[in-house]
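Chemist: Since each chain sits alone in its own frame, please combine them into the complex, following the hints.
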Amino acid sequence: MKQDGFLTFLPWAAPWLAGFMLFTALPVGLGIWYAFTDYTLLEPPIMVGTKNFARLADDPILGTVAWNTFFFGLLSIVVGTVLSIALAVLLSKPARFQAFWRSAVFVPSVLPLIAVAAIFKLGFDGELGAANRMLGLIGVEGPNWFGSGAWAWTALLMMSLWGVGPAVVIYLAGLRDVPKQLHEAASLDGVGSWGRFVHVTLPMISPVILFNVVIGIINAAQVFVIPLVMTGGGPGRSTYFFAMYVYDQAFQYGDMGYASVLGLVQFAAILVLTGLVLLLGQRFVYYRGA
Amino acid sequence: MNVLDSQTSITRRVALGAFGAAATGYAFLGGTRRRDVPDGRIMLDYWEKWTGHEAAAMQTVVDAFNASQDRWWVNYLSVSGLDRKAKIAIAAEDPPDLLGLWHRNIPFFRRSGALLSLESLGRSQDEYASVLRPILFGDVQDAAPTTCSSIALYYDRAMFRKFGFDPDQPPATIPEFDDVINALTIRNTEGKVERAGFLPGDPGWWNWSYGPFFGGHMYDPATDQAMVNSPGMIRAYEWVQSFPKRWGLENLRRFQGALVDNPSPYRNFFSGRLATTLQGPWVAKFMQEEMGDNLMDYAAAPFPVDPSVQDAANPHGSIECDVLVVPRNVRYPEGSLAFVSFLQQPENLERLASGHGKPSPLVKPSGSFLAEHPNRSIEVHQKIMVSQNAFAEPFTEVWPEFSNSLGAAMSQIDVLQATPAEAFERVQEEVQAQLTRAASRRDLRESQL
Numbered sequence: 001m002k003q004d005g006f007l008t009f010l011p012w013a014a015p016w017l018a019g020f021m022l023f024t025a026l027p028v029g030l031g032i033w034y035a036f037t038d039y040t041l042l043e044p045p046i047m048v049g050t051k052n053f054a055r056l057a058d059d060p061i062l063g064t065v066a067w068n069t070f071f072f073g074l075l076s077i078v079v080g081t082v083l084s085i086a087l088a089v090l091l092s093k094p095a096r097f098q099a100f101w102r103s104a105v106f107v108p109s110v111l112p113l114i115a116v117a118a119i120f121k122l123g124f125d126g127e128l129g130a131a132n133r134m135l136g137l138i139g140v141e142g143p144n145w146f147g148s149g150a151w152a153w154t155a156l157l158m159m160s161l162w163g164v165g166p167a168v169v170i171y172l173a174g175l176r177d178v179p180k181q182l183h184e185a186a187s188l189d190g191v192g193s194w195g196r197f198v199h200v201t202l203p204m205i206s207p208v209i210l211f212n213v214v215i216g217i218i219n220a221a222q223v224f225v226i227p228l229v230m231t232g233g234g235p236g237r238s239t240y241f242f243a244m245y246v247y248d249q250a251f252q253y254g255d256m257g258y259a260s261v262l263g264l265v266q267f268a269a270i271l272v273l274t275g276l277v278l279l280l281g282q283r284f285v286y287y288r289g290a
Numbered sequence: 001m002n003v004l005d006s007q008t009s010i011t012r013r014v015a016l017g018a019f020g021a022a023a024t025g026y027a028f029l030g031g032t033r034r035r036d037v038p039d040g041r042i043m044l045d046y047w048e049k050w051t052g053h054e055a056a057a058m059q060t061v062v063d064a065f066n067a068s069q070d071r072w073w074v075n076y077l078s079v080s081g082l083d084r085k086a087k088i089a090i091a092a093e094d095p096p097d098l099l100g101l102w103h104r105n106i107p108f109f110r111r112s113g114a115l116l117s118l119e120s121l122g123r124s125q126d127e128y129a130s131v132l133r134p135i136l137f138g139d140v141q142d143a144a145p146t147t148c149s150s151i152a153l154y155y156d157r158a159m160f161r162k163f164g165f166d167p168d169q170p171p172a173t174i175p176e177f178d179d180v181i182n183a184l185t186i187r188n189t190e191g192k193v194e195r196a197g198f199l200p201g202d203p204g205w206w207n208w209s210y211g212p213f214f215g216g217h218m219y220d221p222a223t224d225q226a227m228v229n230s231p232g233m234i235r236a237y238e239w240v241q242s243f244p245k246r247w248g249l250e251n252l253r254r255f256q257g258a259l260v261d262n263p264s265p266y267r268n269f270f271s272g273r274l275a276t277t278l279q280g281p282w283v284a285k286f287m288q289e290e291m292g293d294n295l296m297d298y299a300a301a302p303f304p305v306d307p308s309v310q311d312a313a314n315p316h317g318s319i320e321c322d323v324l325v326v327p328r329n330v331r332y333p334e335g336s337l338a339f340v341s342f343l344q345q346p347e348n349l350e351r352l353a354s355g356h357g358k359p360s361p362l363v364k365p366s367g368s369f370l371a372e373h374p375n376r377s378i379e380v381h382q383k384i385m386v387s388q389n390a391f392a393e394p395f396t397e398v399w400p401e402f403s404n405s406l407g408a409a410m411s412q413i414d415v416l417q418a419t420p421a422e423a424f425e426r427v428q429e430e431v432q433a434q435l436t437r438a439a440s441r442r443d444l445r446e447s448q449l
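Line order of the protein sequences matches chains C and R. Every letter in the first sequence is one number past the one before it in the working numbering, and letter 7, counting from 1, is 7. Every letter in the second sequence is one number past the one before it in the working numbering, and letter 337, counting from 1, is 337.
Among these hints, one or two may not hold up.
Computed spacing ranges between beta-carbons, pair by pair [what the hints assert, rightly or not]:
1) Thr436/R - Gly19/C: 38 to 44 Å
2) Trp205/R - Met134/C: 28 to 34 Å
3) Thr24/C - Arg71/R: 55 to 61 Å
4) Asp311/R - Thr24/C: 27 to 33 Å
5) Arg41/R - Met134/C: 21 to 27 Å
6) Met47/C - Trp205/R: 36 to 42 Å
7) Ser187/C - Leu249/R: 43 to 49 Å
8) Thr50/C - Thr436/R: 41 to 47 Å
Covered stretches of chain R, going by a simulated chain C footprint (3 or more residues, C-beta under 8 Å) [what the hints assert, rightly or not]:
9) 120-132
10) 410-424
Read the hints as simulated data drawn from the structure, not as lab findings. For each residue, glycine too, the CB sits at the ideal point set by N, CA and C.
Isolated chain R, as found in the complex (with noise of 0.2 Å):
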């Protein structure tokens, strides 16, 4: 051995003391489990997407199982990634006993096979808003419902009050919400826009729901084929596309671009650099954590519609729902079906969705829910849940990829690299190719079985 070799050579002994060293830690502090699991009790993973005060909520509905019996024991854990890691685990055979994901996500997971029925709860399709009954249920029940919201315009009444607008009058369609947005928009003299009357693409989050609101869809799920390029969402999104025309896109990439002090998505609003803006009902739990005593007189209504669609009785609107599932394989099924039983308790639904800020997902929410809750406008949002004009996104298996199109098209349509009229007859081409893909793997499906 040469005098490199003395310096740098790991001796046999030093190896396997490393080695040794290394799984004596680990048996002594890797891979622990949680200690304050009382004795006797089955421990049953949840994985839900949720934090913060959501997360806060649900622990709350997680207590009350856990103590209202001896034999189950529910461990909430929040889940970055939640559907693709879930995905990961299912085919692994080793899923969470309990599953909370989004509606978007069942029309893929029920077409695998990937979830449980919930038939022997025994609810009825009539206990929930009709929109959410495709979501949860198939041929049998397979999901079940933990927060549930619908979306609407937001406004601030003080300012309606001071441009002359009366607040409790808000806009009900698309001419008299555009009047209401010029008045409401400040432009400097360089033609900058300071306040925004409103902007389609802020937060940015329903950007694919414009459609309904002038009588378009993008999806027929009767016959599967797409309709983006319909005539009701070329309408729409020429609307969408009249603001960058009518201010400028410079100017409203500079109002976009501006230097602020706040990271949420709600400080345009909040801030009243936007006067109106496109909501979820939880908006107002949020209101309350960043504005505190200095709330502001916000108040919600129906997003507006075009005259041709208008129908007072049954306001449009987009849905979202956050579903609990329990997935195929799960090591206790009657422990994670007794939890989403008590969770569908009509008191632990509304202590939830009252916790989160939303709606009820039942038909008819008890008269404390309603009068209690934390958003003032909550009637606006519990009507469109039940509206028979709420729609939510195409309910189809390809939605991930159809997005990935229709998102690439919007942004085109933003920046007016492209009408919609153009825009969306390339995606319409896309989008039928997926569904008829996606058909065609169902029939390949079918034929093995």
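Okay, chain C solo, but in the shape it has when bound (with noise of 0.2 Å):
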């Protein structure tokens, strides 16, 4: 019965399996080899022992992309987690057309990416740009948004905001499982709205709020894409992060196996910041089955 249930189960699961295999198990088992190799894509890889890692230790620019890429998640998760929650709140409410203004939220986030930055890059243009012909209107010079580094984060971070539509449907979806009854006990002793967000609502959606804080350091930590089109890492490299130096490495300088220590290196850090954040969970995060 067993073996029937495998049998079964075995050709529906296999196209996912395939994949699995060729697209994430296969390149992940070449990457760990290639780290340890010299291998410019053109020529058979040599190995080379551990030189690859060695050479962490004196990169002048990993320390920057390390950096940014860190002040970038913490700046986008604590800005986004607040949004979303904002939003989530919102449109928790009653409200007319709810059902337009919470798909109102959460479409963008159904649009490429690619198409998404390359329309926020020329919306951010500083001469061609709707941004500052908006600041224009209300008597505002609009700034060279990414000919200084302070201003191309800032358009970085809207950018990043665009996306927030599945936490919100997340957070929504964590709002209505609050119990009413325990909002209904802290009116009746007396607790306003803001304390009640903060005493029952907060607590309650807390793992919620542990979920897509892990999501966004994942993300936080490979962001590329918006970065690549809007700025290109510029100006100078102040918005160059980890994963366009590790794309760099590869595909720009020929040097897959610094590429791969980097992407390991990548996937150590998230997952060491996964668990901190997991650990920190156990302190504040409050679930009602526990």
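Modeler: So, in structure tokens, the structure goes:
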């Protein structure tokens, strides 16, 4: 009977398994191997032991891209979390055209990132962009967005908020799960709406916040398309991120071995950060069933 | 099966039907090849970077080749991100039959043994401008020029006349040029720049190239040493940095961030907001496209140099060159070589160069090429192309990384965050480490042979 079940399962799961083996397991395995080789892509790999790992110690760019990525992650997760909880709370209230507003928040995240990044790049163009034209309408002279690090970061952060839709949907589901009795009990005790939000709603949706923060860390550590299209890493290296550096090493500089090492470092960093957040979660997250 | 299952489950028959429909659709509609290839011809795929009028110019050469014989059929394809895609295609042993690269790609592809020899074409180095020879020839010829350019200073002759400068005597030295820049620049009472005499970062495509105009060089190919912090380089970028210093950084930012309606990279020069600009010869074609009959009274001249390196017979100027290569493991090397050989005939090279508005890569272009060229200053570009003082980016496989380091330093120089001496000190260290690492990788490969 068990064997029958497996034989039925196998053909149905085979396409996914084949895809996983070909496009995830095999590249990861090859990446680990390439990390110990000198590989230009156009010539066969040559074993060099741990030489690529030793290079991490004196790479002058690594610190810059690691810091940029960490800082961008921190800012985008904090701002994104606050904004998406705020939107979810607003959308959970009864309103006219509620379905429309919910769709309007989610729909932007359906669009391909590369297209959205190209649109935002044009939108923030100092000479042609809609952002400066709108600022001009209220008498404000817009900045040269991509001409200075601070403004380029501002543009990137604003762009990163474009994709809060999925997080909002998850928060909305979390908010529906908050027991009404708790709010009623708090109201009877004289707790105001802000107090109920801080002392009832937030603790009750804390597992959802943790989930979104973990997903946010994973996404932020791999931020690539938006800065590649919008700023190309500049000005200077002010918006040069880790995944862009991995890509440059692999496909621009022809050093697959070092790119693989950087990829492993990125993986380890995500693992450690996620682990830390989950550990912190044990202290701050309230699980109703626990 | 409960009610929910009966609504959502997919039967085996439906699933197989869906797979079957997808397979049938792919068989009829997916992966189709061109159908206009005449019977009996072998199709050669040609990946090239150009679109628009540049692609159209190459298509005329391709059409002429296809009509000239009955064995091969070249299929021209405009491909974005060409060099990166080519690396992957060659690594996967499924390269295009013909590949149009940038000259700066050649060191990496050549060192990796990715290019087939073009020695059988029987071309001599002497036929090509001397600055192009290291690009086209390694141990043997393995790259053929398609179109090459030299970069020059473009200016509006009418504006020169209006401000008392002789348009036939453009500035030849940096001090003369500074006088012109200061005279042609217009600033309002608040100090805002309304017209800039020149901006080193507009359009920003050759920010790396100012060193040689001051006698500086970034790289010594003979010793494989970086020279980014050499005195000539520092003097050149002190001059570049003098622009935000003389007009104010914020004023320049506002000038560059001012709202315009034209997305063209040439807009500031065409609209007169920029009096002079560093540009390639193709600008004349774009001027024709954008301005039509109201063509500006433009002219080009070699970019002014520091008086210490002035050499009227051999003007300074950067060059760039698009090249055609045949990747290793192509299916039909004979067909690929036939097309390269056809393209290298002087009349075809000149037809293509003229279509792009560029000079000829050959030492001796024909009289009709110069006379009928769409750029009225083509002789200036031709003179720079064959000059002993023409220069290209450092010809090394680390140039992409080198350029990244240099670009980061130049951004700091532009916004007055560092002096050129400080910024280039750091770049020198970074680039020397890149060169040393590349040499060590070369040694490793050679030791494995």
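Chemist: Against this structure, judge whether each hint is valid.
Modeler: To see whether the hints hold, each was checked on the structure:
| no. | hint | in the structure |
| --- | --- | --- |
| 1 | Thr436/R - Gly19/C: 38 to 44 Å | holds (42 Å) |
| 2 | Trp205/R - Met134/C: 28 to 34 Å | holds (30 Å) |
| 3 | Thr24/C - Arg71/R: 55 to 61 Å | violated (45 Å) |
| 4 | Asp311/R - Thr24/C: 27 to 33 Å | violated (60 Å) |
| 5 | Arg41/R - Met134/C: 21 to 27 Å | violated (56 Å) |
| 6 | Met47/C - Trp205/R: 36 to 42 Å | holds (41 Å) |
| 7 | Ser187/C - Leu249/R: 43 to 49 Å | violated (57 Å) |
| 8 | Thr50/C - Thr436/R: 41 to 47 Å | violated (19 Å) |
| 9 | 120-132 | violated (count 0) |
| 10 | 410-424 | holds (count 5) |
Violation of the numbered hints given earlier is confined to hints 3, 4, 5, 7, 8, 9; the remaining hints are satisfied by the structure.
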